[in-house]
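Asks: The residues making up each chain are set out below.
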Amino acid sequence: MKQYFVKRLLWMIPILIGISFFAFILINLSPSDPAEVAIRVNEITPTAENVAQMREQLGLDDPFLTRYATWLGNALQGDFGHSYVNNKPVAQEIAKALPPTLYLAGVSLMIIVVVSVGVGVLCAVKEDSLTDKALRGIVFVGTAIPGFWAGILLMWLFAVKLKWLPTSGMTAPGAVILPAVTLALGYISTYVRLIRNTMIQNKRENYVLYGRVRGLSEKTITRHVFKNSLQTSLTALGMSIPKLIAGTVVIENIFAWPGIGRLCVTAIFNRDFPMIQAYVLIMAVLFVFCNLLVDMGSVWIDPRRREA
Amino acid sequence: MKLKKGLAVVMTAVLCAGMFAGCSGASAKSDVSTKEALNYACTKDIRDINPHLYSGEMSAQNMVFEGLTKNEGGEVKPALAESWEISADGLEYTFHLREGVTFTDGAPFNAAAVKLNMDAILGNAERHSWLDMVNEIKENVVVDEHTFKLVLKHPYYPTLVELGLTRPFRFISPNCFVNGTTKEGVSGYIGTGPWVLSEHVDNQYATFTQNETYWGDKTKIKTINWKVMPDSQTILLALQNGEVDLLFGADGDQVDLDSYKKLEDEGAYKTYISEPVASRAILINSNSPITKDIKVREAIEYAVNKENIIQGILNNSEDQADTLLSKDVPYCDIDFKTIAYNQEKAQQLLDEAGWKPGSDGVREKDGQKCEIILSYNSKNAQEGTIATSIQADLAAVGIKMNILGEEKQAFLDRQKTGDFDLQYSLSWGTPYDPQSYVSSWRIPAHGDYQAQVGLEKKQWLDETITKIMIESDDSKRADMYKEVLTYINDQYVYVPISYSKTKAVGIKGLEGVSFNDSQYEIPFEKMYFSN
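Just so you know, the sequences run in chain order A and B. The first sequence begins at 1 in the working numbering and counts up one residue at a time. The second sequence begins at 1001 in the working numbering and counts up one residue at a time.
Derived coverage of chain B by chain A (criterion: at least 3 residues anywhere in the stretch with Cβ under 8 Å from a Cβ of chain A; other residues may be distant):
hint, stretch
1, 1047-1054
2, 1123-1129
3, 1221-1230
4, 1238-1245
5, 1410-1420
What the hints contain is simulated information worked out from the structure, not anything from laboratory work. For every residue, glycine included, the Cβ atom is placed at its ideal position computed from N, Cα and C.
In isolation and in its complexed conformation, chain B is listed as follows (with noise of 0.2 Å):
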């Protein structure tokens, strides 16, 4: 007993001690400006972040790793190719690379390094498939030390604008790659960025430190710790803790909406949003028992009541959008058809298509009940609320539609064979948008293509597509973009819902947060403590 007891007293000491300690290690306020490193919180590791591959965070490749090109502003600038010619047909693009720049191991950056690095990302082609720049290249060409020349099959007009894609154009030192290649993983993550990975512990931390022999302006803060928190409402009390300076995320990935406003009407932080920068839609399927009637898929469209959504769900803080792609987009300024919430046209469309009310308020047809199944990927509770008030719109027009939350490889599942009535569908934004977004709807694993199979002239639109990516002509290819948004506009496979941007909070203090292009970077070297 006596050995027990004072096993107890050990028990509790050591708790206490730990307590004790704990207490030493809570942070404290102090003046931000003399802060030297930057704590950001995300819900990921940082993972592989090999830049030839997928299965890591893009924000923080793009920390390390850069391209050729850069998209900034909406407009294609230069990176590591400080200039570059583009031959008359359209197939040659010559770079002239940034010249003293060099890897953080020491490593020159030249000519040959863009080409070994350009041959790595083409033997993993089918890794690549999404992006049609991979196919589209023919030769890597070393000119001379400082001059590299890329070589097309086809005149591929999006080329610039790919090649500054956070992956996998971007560049790893050659002493990284491992038997010639970096499709099976790489020996270090060593690139000419702005930061450099110092050490990383898997699913906890990892930290950036300053490159100090950057060729371009040196980052203003010294460290990132890259703070790993699954859960999102810890997050928000490491943030109010002091443990974590800035949040920052698309889609709800690390700020839900609600904390978001709440923390923003607290003024104790400051928060910023972006300009709206993909698009939020509703997938309709032409393929689907129900709903491969146009007329029906018409009625969706008119019955649902997207002012609700915006200012109920998504609090004003997305755009609510009437076509699929925002006119910002290139090539999207198209006067479209546009359909504004009318519950009595929803439901005459609906009387012209043969659904008679039924005794419970549900339309049948031929004996049918009018029962459709929108899915979804149930990790994502935003995209549940804003299903749950579709269905109140649907239910309203005498269509049932039930919610189907699953985990995110049955959702695939689903997708791919085509077995939904209503899906989401969102765009990948700028720089993506509409070339990356409407290229992928000839894939047949993509819902968007699976929710088009219906269509009458489907294969005509896969071909125009295609044509699209290679025509050089600017305005020819104004024209079949014209065509093919019109097409998809006119046959109510998607209803716009919103524009959706990008948020971020950050303490006070904290300045210079802003946003790239794209919604999966995050521009760390512009930020830096004030008071």
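Chain A on its own, in the form it takes in the complex (with noise of 0.2 Å):
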């Protein structure tokens, strides 16, 4: 096990390293001359002297390679740049605004946890009944809606009709349920359809025909099918929660919710190259290291993978 985490470990150093040169490539392949931009959002007249001034202040006449050695020492020790727009330091942006995306997702996940072992319990037992066909509708309808109009949907009937909750904002109780539930519907269907497959499958194996012939209770049987079947789930379910951080764009647009998702979009607007450039790089460490995690626990689940 330990040998195993190790040479994971160890394989993710050239990962990282690539992904750090893409996030930072980024910045070359745009038409945009960064300086330029950057003398642009400051509502700045851009001239050749203020332009070269600029370049130089932000070190881009140096050789690339030169540019991304600084750019990854820096950002090794957490300091990723000043934003173009406001002159912050990126990483304090970072900071102020994934608190409120980790709850949004945190939220979220729970969610789609308790509906989908909930729902895909009760298909998997209830399977091929009325009961199975249209919960499965129902949460189908639900992810096949865009999240941009659910979240508007759920918004006039939660708040405008039902006056039950806030439309938007981060300050009003109970604020945190529409933009949740909305990131979650999309979720949802993956992990019910998966549930209820797996625990179909795992309930015509051979354990479970044994466990009938030693005459134990279909209670009994459902639980050992259901702890069974929870590995690919759980696998599944670790790669969401990057997914889950990074998939909140559109609805922090929506809900007025100040997370990681808006900076970003400001970020793309405003072609804050820093704050992109960190915004991937931050993404794609969080995928890496969830991949890891997903991978570990699995093979602590099921020590046969650790050969594969």
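Dock chain to chain to rebuild the complex, using the hints, since each chain is given by itself in its own frame.
Replies: Here you go:
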């Protein structure tokens, strides 16, 4: 296990270097001159002189690899430079926007787990019944509705019509519910289907037959089937965590949630390169780490995978 | 399994608790006359409202900071300066400052504070290059405690108007300066205005409270809650839910036209629309391969059906424009040649220019198709819709117009390099028109400059504009404006579309909603609740 862990950790180094390189190269792929962008976002009219001055200030005249090495060195120390727009440290801006996103993603994950497990197990137990079909139908429709539309519909129903919840923002009590539900909608059907299908598959396994022969109750059998079906879902769920965090962009805009998604969209519109690079890098690192954690978790559950 | 079951129950309970808490948080309809706070929704955060920089929301800057003068009802009126005298040569402005005024941190507002602020603005002249005024200031002089003298290099005529603009000539407490200046940021946002910024949470909200020591009439409402809601649909739902009392914005910024019409028709809210403030026009690039021909530009003017745009897209909420600047704008009451929609005339002009109808309906000349691009900032949906109407108009006369909606920065890149055939041009409205708008035509980074570069007399145009700004004789100035605007009109560089208006929607019971001269300001201080 330890050896496996060390091997995986070592593998992460080239992956992370590759990612950081791509995040950095973005600046060079863009048709806009970063120096000009930095001037323009502050409502200054670009001239040859101020662009040259800004290029020097941002170190854009240095060779590409020198700039990359400097940026990476600073990034490793948590310094992602300063935003072109408000000149504040990027790390500080991200640190401020990350907690609301983590909170939103966390509540969303709770909803996904509760609903998916509940509906998934029910569907598997009542396989092919009307309840199974109806529940799956509802969940699939919910997933098929685009997030921005679902958000507006939920807001209209629960805020404007029923007056149960506030429309948006983060300050009012219960404000997290609507964005979290909207965010969860897109994932629920995946897990319902995953849990249902794995459980149905497991139900056909020999150990279930053996359990029945032994005279175990249906409740006990379902419990064993559920336990054995969890692994696939846990792996998928693990990978959904970074996806949830990175996927809040639209939801945060609709629900006026001051998170990292909104920060990223604003940065993209303003071509705030230091902010975009930091966002891409942090999200990529998050994906890589979650992937590692999920793998470690599944190896811990099933030692046979270590050899694989 | 038991553990998991328990966890699920706990999670559900937490969610339900949140929902019930939400019930109590929802607003209830009550007598609005007792309301002490106005909730205003804006798609943008107030950001850094340093009055000497440009990254903050102008309407928020206007709440906290004041200038020596203010522009009201088309006139320059006293603000922090009670009166002033102008020397006979137009080079010296002596301002008598209002006595007894203090910044909200207790610092006195006096000539020394004015000089400190003015020097800080001059110390960052590059940032204010769009405003000629900054380059025209020679010296800031403290005459005595309450007298300040501004010495100019030339008799710059819009001095008093530009001193009243929302930025940069507004005054911040000397205690907020960092290292004796404001260009690298300020340590607080302390002004002399009717409002005090008492709380600001980035990207969430800002709270402005009444300045209890204000020198003028105190605000009638105690608190303004500035709520940040990036999505305009959310703003509308929040209005319906009673979380928001006022929407206010120019050019579809907060309220898009369809929603405005819907709210107006429903009658549940009060809607307000300003007098025409700014000009909306289409720029035709005189330096582009196809549109460099004046006949093609003239043909495009004849081909665009403005009535369709005004009625069909703008729902008659804006006035049709036949000249670039409205006749109400100073120096613009000129009898220009105007062009009325006439497809036949457009076709005739294209024929004369050598563009003959092709087999697919698109005109051709020397094997080249008559195909042009209109680029716009894709964030402005209304501009996209107008573009499709123009596209259909031009197709009817054999010009294929491709529409290119781009992100703001890409759009600006294209504008700066002149890589476009058609683009939108919006003037800044009163009190910036005509001087600041016309003045910006000389700046290469502006679309106007790029579109005019192909004109034979561009150099003369720029030189005359420079002279206008420092011409002390009003009638000579008027003549020069006439020459410049007539030349531009006759060169068909602009297709005037409409004169835009600012719109506002408020709840019933919110009174005193009006418009300042500048479309970028919101006169919250005049608003009050009543039944």
